[in-house]
Structures are given as structure tokens and as C-alpha cells.
Amino acid sequence: EKKMTNDHLKKLLVYCMLCCTQKIIVQGAQTFQTKVALLRHVEPNNPKCFAEGIRDLTCFWEEDEERAGSAKQYSFIYTYQNENSSECNVTALPAAGGRILYFCRLSQTQLFVPLDIQVFRDGLLIHNRRLHIELFFLLDPPVNLTVKRTEKQGQLKASWMPPPLKYLDDSMMYEVSYVIAGTQMGQVEEVRASSEVILLGLQPGAKYSVRIRVKLDGVSYNGYWSAWTDPVLMATLPGDLDPLIVSLTLIISLILTLLSLTVLLSHRRFLLNKIWPVIPNPESKFQGLFTVYGGDFEEWLGYSAGGLCLRPAYFYSEELPAPLEVLSEVSLDLPSSPLPPKAKQAPGEDEKLKRIDSLMERWRETPHEHWLMDQLRVLHQLPGPQCSQLESQDAYVTLNAQNHSGEEPLDDILEETLPLQALFASGRTCSESHSDLGSLQQSSGSGRLSTQSSFEYPNHTWPPKGPGYTYMAVADSGVSMDYSPMSSSRIDYMGKGVIYTNEYRNEIPAHRQPIPFAF
Amino acid sequence: MLHISRGLLTLLLMLLEWTRPGRASPLRPICDLRVLKHFIEEAKDAEAAMLTCKEGCGLPEPVTVPQTKVDFNVWERKNAPEQAKEVQSGLWLLSQAVGSLRGSVTDATLHSHIDNSLRNIFSIGQVLRSLNFQVFLRAPCQEYPPPGVGVSGAETWRVSSASELLQVHVNFLRGKVHLLLSNAAVCQQGGS
Numbered sequence: 001e002k003k004m005t006n007d008h009l010k011k012l013l014v015y016c017m018l019c020c021t022q023k024i025i026v027q028g029a030q031t032f033q034t035k036v037a038l039l040r041h042v043e044p045n046n047p048k049c050f051a052e053g054i055r056d057l058t059c060f061w062e063e064d065e066e067r068a069g070s071a072k073q074y075s076f077i078y079t080y081q082n083e084n085s086s087e088c089n090v091t092a093l094p095a096a097g098g099r100i101l102y103f104c105r106l107s108q109t110q111l112f113v114p115l116d117i118q119v120f121r122d123g124l125l126i127h128n129r130r131l132h133i134e135l136f137f138l139l140d141p142p143v144n145l146t147v148k149r150t151e152k153q154g155q156l157k158a159s160w161m162p163p164p165l166k167y168l169d170d171s172m173m174y175e176v177s178y179v180i181a182g183t184q185m186g187q188v189e190e191v192r193a194s195s196e197v198i199l200l201g202l203q204p205g206a207k208y209s210v211r212i213r214v215k216l217d218g219v220s221y222n223g224y225w226s227a228w229t230d231p232v233l234m235a236t237l238p239g240d241l242d243p244l245i246v247s248l249t250l251i252i253s254l255i256l257t258l259l260s261l262t263v264l265l266s267h268r269r270f271l272l273n274k275i276w277p278v279i280p281n282p283e284s285k286f287q288g289l290f291t292v293y294g295g296d297f298e299e300w301l302g303y304s305a306g307g308l309c310l311r312p313a314y315f316y317s318e319e320l321p322a323p324l325e326v327l328s329e330v331s332l333d334l335p336s337s338p339l340p341p342k343a344k345q346a347p348g349e350d351e352k353l354k355r356i357d358s359l360m361e362r363w364r365e366t367p368h369e370h371w372l373m374d375q376l377r378v379l380h381q382l383p384g385p386q387c388s389q390l391e392s393q394d395a396y397v398t399l400n401a402q403n404h405s406g407e408e409p410l411d412d413i414l415e416e417t418l419p420l421q422a423l424f425a426s427g428r429t430c431s432e433s434h435s436d437l438g439s440l441q442q443s444s445g446s447g448r449l450s451t452q453s454s455f456e457y458p459n460h461t462w463p464p465k466g467p468g469y470t471y472m473a474v475a476d477s478g479v480s481m482d483y484s485p486m487s488s489s490r491i492d493y494m495g496k497g498v499i500y501t502n503e504y505r506n507e508i509p510a511h512r513q514p515i516p517f518a519f
Numbered sequence: 520m521l522h523i524s525r526g527l528l529t530l531l532l533m534l535l536e537w538t539r540p541g542r543a544s545p546l547r548p549i550c551d552l553r554v555l556k557h558f559i560e561e562a563k564d565a566e567a568a569m570l571t572c573k574e575g576c577g578l579p580e581p582v583t584v585p586q587t588k589v590d591f592n593v594w595e596r597k598n599a600p601e602q603a604k605e606v607q608s609g610l611w612l613l614s615q616a617v618g619s620l621r622g623s624v625t626d627a628t629l630h631s632h633i634d635n636s637l638r639n640i641f642s643i644g645q646v647l648r649s650l651n652f653q654v655f656l657r658a659p660c661q662e663y664p665p666p667g668v669g670v671s672g673a674e675t676w677r678v679s680s681a682s683e684l685l686q687v688h689v690n691f692l693r694g695k696v697h698l699l700l701s702n703a704a705v706c707q708q709g710g711s
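Chains R and U are the protein sequences, given in the same order. Counted from 1, the first sequence has number 349 at position 349 by my numbering; the numbering is strictly sequential. Counted from 1, the second sequence has number 589 at position 70 by my numbering; the numbering is strictly sequential.
In case anyone wonders, no lab produced these hints; they're calculated from the structure. Take the hints with a grain of salt, since some may be wrong.
Partial list, computed: chain R residues near chain U (C-beta under 7 Å) [unchecked claim]:
1) Arg55
2) Asn82
3) Ser85
4) Leu106
5) Leu111
6) Val113
7) Asp169
8) Met173
9) Ser220
10) Tyr293
Pairs of lysine-lysine residues, derived as BS3-like cross-links and limited to a Cα-Cα distance of at most 25 Å, are as follows [said to hold, decoys possible]:
11) Lys556(U) with Lys166(R)
12) Lys588(U) with Lys215(R)
13) Lys157(R) with Lys207(R)
14) Lys152(R) with Lys215(R)
15) Lys215(R) with Lys148(R)
16) Lys166(R) with Lys597(U)
17) Lys597(U) with Lys556(U)
18) Lys11(R) with Lys23(R)
19) Lys604(U) with Lys215(R)
20) Lys604(U) with Lys166(R)
21) Lys573(U) with Lys166(R)
22) Lys207(R) with Lys166(R)
23) Lys563(U) with Lys588(U)
24) Lys556(U) with Lys215(R)
25) Lys573(U) with Lys563(U)
26) Lys588(U) with Lys604(U)
Predicted model, so just to flag it, every value in this text is computed and none were measured. All C-beta atoms in this analysis are idealised placements derived from N, C-alpha and C, irrespective of residue type, glycine included.
Modelling step: build the complete structure from the supplied sequences, incorporating the hints.
Below is the structure:
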């Protein structure tokens, strides 16, 4: 039984040794492949050589599969200065991209002396190189990389174990790479002859990925940068709020809040109007419309069958009269046609008519005014031409200070006082109706109506010319006519503009029918 | 009376021993390798400058220089005194060889490099002395070799060009001198 136990133990030991050896071999092979891949990119010369320690040297080169031969076809001859040549056995391995990798490894080397290397293939020299082995170190990356937090913010301490190489530890330099995890933002710091470093200036509360690689410093020894170690993650201490910064922030916030409140309070009305605008109420413009007539506009106007309703409110309206375009001629016969029969109107409107008449009687103070109003009635009784919607059948009526009753002509009116062009000219079509400035067109004929056209030009202040007439401005809003007494002795600013008055003479052809005018 | 005279004699001998002329004060160990690295860099500069020289920069005759190769299997089998002896012999040979080159170089820039190299070799001797390594480099141009230094043998070889000489100079400093200083026992004990 003891014998069997010993046999079992021996077998187990051999098995373990084989496993360990296999593991070492596999790791070594991986390391070798890694270094070969690394040198393939950084070393342009052939053969590519590197020393992993102070006693070895590995050289390799690659050939295309087409040109490649067996390892025996190659000879690796090396010669130290002042010594005889020696040969190294060449080994072939498959490489990436369908290539063959040939390499030779020296297990006993001499440093600090020139070494000549020659590679032959079938006796033909294919590679020749001279080098100093101590200048071609390619070390394994450092091990046991540890990253710890320090007591201070924004700092990490990294420590590692250097490659275990005698005589070289004071000649090693390290490169520490630290980036914020998940980003490419980071820095690289160089460390010489030390196996730890404190990383400064890091972001508080951030997770950093730290890795390191090693190389000889190039004074006595030199070589290539090793492969990077596996990254180690570590987060820095979270940042503390500086009491001074906090207090300053609070004070500034308080000041800004007070300033904002002050501005808001000083402009509260404006802001309220902007945010919550008051719904305009037209009730002030239409006195009695809602209180007396319950919102019935027609009833308020007294408007029926195209008639016009004169309301006292219009006489003193604050609204600007609309620009007036005089588009038609009126036959100015003496009022012979009677007023529209009141019988045609609804019985309920008698009171309105009475009120209107009473108002109109105010105006009939002077004979010429009475005559003029009759003319107005005649005008509105006459059917007007079929004009476009832009035309207005209304006109401004001039209550001339002189006695223009009857057929007294108005020829004495100077042309200088007629800067406006009236559109009462005969033959004009509806499309010619427009408001503009110019000389009035005078026409002769029977039945003249002294009228004035008043236009609003907000940007012009043309003083009224001519004698001091009293006249009445008529504004037609399309719904009703607004008559407002005015005087040419003063310039009235009605809202934005100035009412500019002018006189013109007009003659309406006899063949034209009078414009109906109804109250 | 006899006892007093013996005491006085003893005291006198002690005083004479302390005041003996030529007794060097003990040097503080120089373990900082940055000094040697500085010398190595200047030796490299001299080698690089010599490579650009075309005329007036040759050796008048072949000179003997130390072997620079280091086989660690062999080096580690030597003890510290043997290593120190090998280093100091090599430094002496180099001082002689570089000194002869100094007389044949006419270029002013190269002349300054060579003078610098000679001063550095003497300074390295001072460093070795500070580390308790017995050095015989009392004068830069000592005529006779110190005992134990072989004129020809496995430890030496001959060069005939100035560039080879300066290359040997660089390799010797980078190799054996650096190995000796970096592993000095005095420095391993925590000295400065």
C-alpha cells in the first residue's frame, strides 16, 4: 500500500510539474508573440533583436510564405568584437498574414561590446547588422500595479514592482498613463528610478484608469518601451465644498434675487400686460351700446336699409377719422327731392329720427348751413355709381363762412387753397379712386357743391390754407358716418396725424343720378 | 623619571602620527550615480564629435585599451576587489590612451572634449577612492602602470583610431565602471 501511495504521489507530482511547465510555456509564448508584434511596428531593421534580461538576446525576421524556406536553410552567425564567430540555431514559426517567422535566441551574451549579426539563406547574406545588446532591452511590463487614494483631494498614489532585473533597477524609467475611465482625456507622467508616484491635479470624485510601462533610461542601458500593464481603476476622493466658495455663492445668489425682484416690481404693470393682457373693451367707445341696447349694434346705430344714423357720440369721437376718398360726383340741384319717406321706416324708429332731426337742427343755425345740409341729403339720396369697395360716397362738407347758399358760386376760392385732388371729376372710373395730393380739378356747370375733402396724413403737417372756414369732417367707417365739426383756424391733431383740409369745386354731370343720402 | 619619559615619547609619537604629511582625510562616499551618468554623457559627446572629424584627429600610434565586454556569468564570479582592480586598471589605460590622443588632435573643439574626458577619468578615480576602492590614479599622466595591470592579455586590446578609442572609453564607463559603482558595498549600506 505504501508503494502504491508513493507511486500515486509521484505521478501526481509529475502531472503538476507538467501542468506548470505547460502554463509557463504558454505564458512565455504569449509574451514572445506580444513582443514580436510590438517590435514589428517600431523596429525597421532586420533582424529585429531584443534582450529580455542581462544574459539573453532574441533576434527574428519574417519572410513571405512564397519565398520562405525551411529553418535549416537559414544561418544566424554572430561575432563579438575581437572574438571568433558563433552560430545560432534558427527556428521557424507561422506568423500572421501567411508569413513565416524565423528567430534565434542566445542564452549567453556579452554586453558593452559591439556584436555583429549576419543572416544567410542558402549561403546568401540576407541580413547584416551591428548592435550593442545593452541598448536593445525589451522588458516585461511592471507587475503588481496598485493605485490608492491619498488623504488629499485630487490625488492618487500608484506603486508597482519593477521587473526583477539585477543591475538595471536604477536605470529604469516608467511611464504612467492615467485617464478618466471611459474617456480619452488623460495625461502621461514619466518616473525615473522609482517604483511609486503620486498623481496630482486629478478631478475629485472621478474614476481613473491607471496603467504603466517601463523602459531603460538610455544612459548605460537602453531599449524599447514595454507593453502596458492591465489598467487599474480607482476613484478619487469626492470634492469638498469650500466654505468660502459656498458663502460667496449664497451671497451672490441673494443679491441677484433681490435685483430681479426689484426689476420685476418696478415693471410689474408692463409685465402683467405682456403676460396677461387686458382684453380690450370697446364699451367706452360705444356709449350705451351694451347698457342700453344690449349689444345690438344695429339698434344702437339706428341703421336700417342702408340708412345712416347720426349719433352725437360721433361728433365728439376721439377716434381718428378714416381717410376719405371722394370717388363720385354729385349733382348739386337744389333739394327738390323729398327726404326718404319716413313711412318707409319702421314705426319704432320714429324716436330715433326725431332725435337725429333735433341734432341736425343745431347745425341749421345759419342759412348756408341749412342749405348745405339739404345738399347733403340730396347727395345721399342720389344713387351712386357702382364703385368698388374702396370708394366712399361720403364727403367732408365745408360750412363756408361766406354765404354760399343757393347757387352762389365758389369761384372765389383760390387754387392755392386747393392742394388736394378731388376725385369727383366726371368720367373718372371707380378704379381711379385714390387718395393723393394735388390740385383739385375744378369743373364748371350748374349745381356746384362746395365740398371739402379732408385727408389724414400722419407724417405731414400741412396747415390748412384759405379763409377761416368752419367745416365738418365726415368719417365713414363703412358702418356709419362720423360728422365732427372742425375749424380751419387751428390744426387738430387727431390721434397720430393732422387733418388736412382743402377745398375743391366739383361739377356733377347732369346725366348722373344723384347719390342717395338718407338719415 | 623613566615613566614620565615613556609617556612623553608615546604622546609625541601619537602627535607625529596625526600630523604625518600626505595623509588624506577620509572622503565622504559618493554613491550618487548621477555623477557617473554625467561623465558618460560627456564621453558620448566626445565620441560623437570625433565621428565628424576628418583631419587632424588620429592617433599617432596604436594604443592599449581595456576590454569593455561584460559577461555577467563571469563578472559575478569575481569579488568586489577583483572588479575594482579591473576597473582601475582600465581607467589607467584609458587615461594613457586619451592623453596620447590629446597631443595629436589639432581641432579646438575636439581638444576641449579630450581634456574633459581626461578630467572625468581622474574624477572617477576620486569617486572610487571615496568608496574605499584602492586606486592608483594619483596623477593623470602617471608614467608607469600600477601593479597588477597587464599590458597585453585578455583584459586588453589595441586600437589604432581615435573613434575606436573614444568608443572604448564610453563602453568602459557604461559597463564595468557603472557596475562597480552601482554595487559598491558602502553605498548598499545606506550611505549617501
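Hints and how they fare:
no. : hint                     : verdict
1   : Arg55                    : 6 Å, holds
2   : Asn82                    : 5 Å, holds
3   : Ser85                    : 15 Å, violated
4   : Leu106                   : 12 Å, violated
5   : Leu111                   : 5 Å, holds
6   : Val113                   : 4 Å, holds
7   : Asp169                   : 9 Å, violated
8   : Met173                   : 12 Å, violated
9   : Ser220                   : 4 Å, holds
10  : Tyr293                   : 110 Å, violated
11  : Lys556(U) with Lys166(R) : 18 Å, holds
12  : Lys588(U) with Lys215(R) : 22 Å, holds
13  : Lys157(R) with Lys207(R) : 14 Å, holds
14  : Lys152(R) with Lys215(R) : 30 Å, violated
15  : Lys215(R) with Lys148(R) : 24 Å, holds
16  : Lys166(R) with Lys597(U) : 16 Å, holds
17  : Lys597(U) with Lys556(U) : 24 Å, holds
18  : Lys11(R) with Lys23(R)   : 18 Å, holds
19  : Lys604(U) with Lys215(R) : 31 Å, violated
20  : Lys604(U) with Lys166(R) : 22 Å, holds
21  : Lys573(U) with Lys166(R) : 41 Å, violated
22  : Lys207(R) with Lys166(R) : 35 Å, violated
23  : Lys563(U) with Lys588(U) : 17 Å, holds
24  : Lys556(U) with Lys215(R) : 17 Å, holds
25  : Lys573(U) with Lys563(U) : 18 Å, holds
26  : Lys588(U) with Lys604(U) : 16 Å, holds
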